[in-house]
Amino acid sequence: MSFFKYYFYYVIIYLILIGVALSNSGGPSGNYANNAPSYNNCTQCHNGNVNSGNGNVSIQGLPSNGYAPGELYSLTVNVSGTNSRGYGFQMASQVGNDNAGNFSLGTLSEDAELNGNRVQHSSRTVSGEWIIDWLAPSSDVGDITFSISGLATGGNSSTGGDNVYTSAVTLPALTPQTLDLFISEYIEGSSNNKGIEIFNPTGVSVDLSNYFVKLSRNGSGWGMYDADTEEPGFVYQLGGTLANGDVLVIATDQATFQSDIQLSYPSVCHFNGDDAVGLFNNNSLIDAVGNPSEDPGSGWAVAGIDNGTGEHTLIRKSSITEGNIDWASSAGSSANDTEWIVEDQNYFLNIGFHVFGDTGENLGPVANAGQDQSVIFGSSVTLNGSASADPDGTIESYQWSQTAGTSVELSSMTEAVVTFTAPSSPDSLSFTLTVTDNEGATSSATAFVKTVQGVSNTVFFSEWAEGTSFNKYIEIYNGTGEEIDLSTYKVSSCSNGCDTEGEWDYPDQVVFDVGTMVAAGDVFVIAHPNADPSILDQADNISFTYMSNGNDAVGLVSTATGFIVDLIGDMSASPPDAWDVAGTPSATNEQTIVRKPSVLNGNADWAASAGTDASNSEWLVFDQNVWDNLGFHNQGVDAPSVTISSISPVFLTDQTEIEFSAAISVPTGSVSNVIVKYGTNNQLVNEAEMYQDNGDIWAGTIPAQQGNIVLQMRVFAISSEGIEGQSAVVERVIASSSPTQIADLYSSQSSDELVTVRGIVTIGGSGLLYPTQTKAYIQDASGRGLQLFDYNLIDGLDRGDEVEVVGYSGYYNTTYQIKDFIFRELSSGNDIPEPISVNAAQANSANYEGTLIALTGNITEVTPISTTGNNYTIDDVTTVMIWNSTGIDVSNLIVGFRGDFIGVGSQYNESFQLLVGYDSDISTVVGVDEDNIILNEFSLLPAYPNPFNPVTNISFVVDKSSEISLKIFDVNGKLVQVVNPKAYQSGVHNIQWNASSLSSGMYFIHMLNGADRYTQKVMLLK
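Add 1447 to a position in the sequence shown, counting from 1, and you land on the number used in the numbering used here.
I should point out that these hints are in silico values taken from the structure, not numbers from a laboratory.
Predicted, not measured: the structure shown is a model, and the values here were computed from it.
You may find that some hints are simply not true.
[Unchecked claim] Calculated pairs, DSBU-like style, for lysine-lysine (alpha carbon to alpha carbon, straight line, at most 30 Å): (1) 2043 with 2124; (2) 2464 with 2429; (3) 2414 with 2429; (4) 2421 with 2469; (5) 2043 with 1937; (6) 2407 with 2464; (7) 2429 with 2407; (8) 2421 with 2464; (9) 1937 with 1897; (10) 2266 with 2124; (11) 2414 with 2464; (12) 2469 with 2414.
Please build the complete structure, drawing on both the sequences and the hints.
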């Protein structure tokens, strides 16, 4: 009995404990989160304090801009604070005492349950977190209050001592977005300073995932550059969220202003003034700058300002509340009817904010104290605060104060622009500008000024050459009167315009080592490493590998300050192809310019330096590849001006006395003495007196010199004031009266040697084998030939001319040639050398390089060489090359054609080819009995086949170079076809006659060679 008694007590106690446990771990039995409006909470069941513990209860996931009817939201309930046995909660959503919306349990909902219209914990959790779903009402029911009570269990096992937390969140219905985003600013600055600013006026945060920016290039259409469909680079999808009243700035990745998104090329921000930019919402255009289907030229007018979208900044007026897809009405025709304010190029002060409507709130001014500066000791310094601005008003006052450095006296403390004199010792100064707007708001900015030792501007550019190929150099002159260390200077440059106008692309293009000394009156030459040897002989530095193409600005700059001492070209972002100098168009391109002796200083004003004519320019302009002044510079205001004006004869040999004259003038006094110094290899060791010939012209002679040399000469003049002036060095090549045999040049492998040759032109120059270059061939009595080459077209090298040539020998790849040559014609109309007859295999030999040969064979393959010519494979062994520039009719040269070809042998890399230059050097080989042909008289051979349909071969023999014409008559004597006269060399030739357009019958062939005429009858059978 006692056993059952104790067992009964045990069961009772156990059930009580389970009940207590259940009462503290399960969900609440009633609706205790009815906080709207009766404010019930968990204290109705639990004894504890309300909102007095160290925790709280919260709801996450409610939409910040209100609920959308019928939308499903995922909510997270959190309860925190000190607890003993976990957390619980209950939550309701109501309008007044009525339920609003429906809670549900999703896949992430754990330890939660529904209790009527409420949701609560199904069991306590130690995390204090529950995830539940809430479906908003299907219509707008007004503000909905979410009431929540949270429980943090206390220290005992009952409902006493628990902490209770309550909260209520009111959620309005989502306000429909009546306004939309628009473009608030458009920047078309210099170089890549381009971008747009997008403003959110809607009153709520906007999800940007449905918005796109599209570009239309030159009227191509939205999202298109030069295709007929949208291209990825010119359509950009936005992302993220844009808060109400905020802006989003999109720019190129090289823009210097602040932006939120930086885009690399190609992009919707890499636009010019004639490219339209559009803003789209769900692929519907909502705003635009420009017309997507129009190319306006440089840009569209805005507010009556031409090219308003080009090289300007456009700011949307604060009165504009929405975008406009009608660009004409948006741009307007005046400041009154436009939606835009037009600012100058590179105006960036309004980037990052937008003034919208009349908010009644003042926007503060933006102070700008100007750029930080490095200045020379004792120089005049300007502080410029005029770029300060007020976005919604005006700047009423300026106030400067010095905040660091040796005290200086400002010209004014209350002006936008002030000046002062820099200290004469190293120092660092700072100045703060405070501006006040029309409503009393202020802003401050600070500018820093560093003082440094300056450099002399009597060091300057004395010469600039933009020659062919890599023949480019810059010469720097030391006019200080004492030795200088060039490391205090550097050369800076821009390439095809400065990326940012006024700033160097390469500020440290050439930096000189400490100890780079230049003597007084001496020069320092910077040259391209692959320049002509005569340039490299004078070069002191060959590190500048990307030298000018004519529109690259170059400056001589102070290393310490960055100040420009001298300048060639301007630092604009869009320069011309080349700059005019002294009235000479494009003088910085493919010409040489030399500083006048009267110039004593560098000049950072390029327009003034270049001048507009020869009288007001600081420069003398010479032809391309004239480098006579390289390696020295004349300077002196009163020095005589000396120019060698003539040298004769034009073609000099070692048998020729050289006569020359020079024009000499002096600004003061008279010319007292003139001599010429001459020699070779920059050693002017010989001299001769000159005499006054007529007025300012002085004349002299130099005895005949050794052949195959370059003679250099310079004229020196001394004035009655004792001041010397000198001409530029002039060079002339002296030919040898004993020419070298071409075969001997091949045997000795002569290279880079000045040689003289004499021979007959076999293929003429001036564009025959290349449309823009000279590639002529001559052959002498040794039986060998070679190429005469020049990058320019040289007239006067015609087939049959006997010429004497002096120039430099050598190979270009596998072509043996003479380059940099001069020549004279000895006679014309000579017979060309008899070509060497070879077969196709024999033609593949370097022994025939440049030499006239003839071969017979069949065309087995035709290979076009780009659009410039055709390569014909002969018997699958060798090739014949015919360039389009020869004008040869190649219509009959098809696979299967058999013919005789005359040309010069030419090795091209590892293969060989025959270069043919003339129509008359190609003839058809026909099926006639050549054993019976007499080659020493003009004759017409039997046509083959005959009868024919519709093509027959008309063969004939020419005993000497002759002009042959052909006429064909029908049986009634009517002329039916004429073959235009053409020159043929001696030998057997063939003309194919195609009579496909004629009817069957008898025809008569008349062949004429001067007064000689032959007639033959042929029968056309169809």
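### Query
Which hint numbers does the structure go against, in order from smallest to largest?
none
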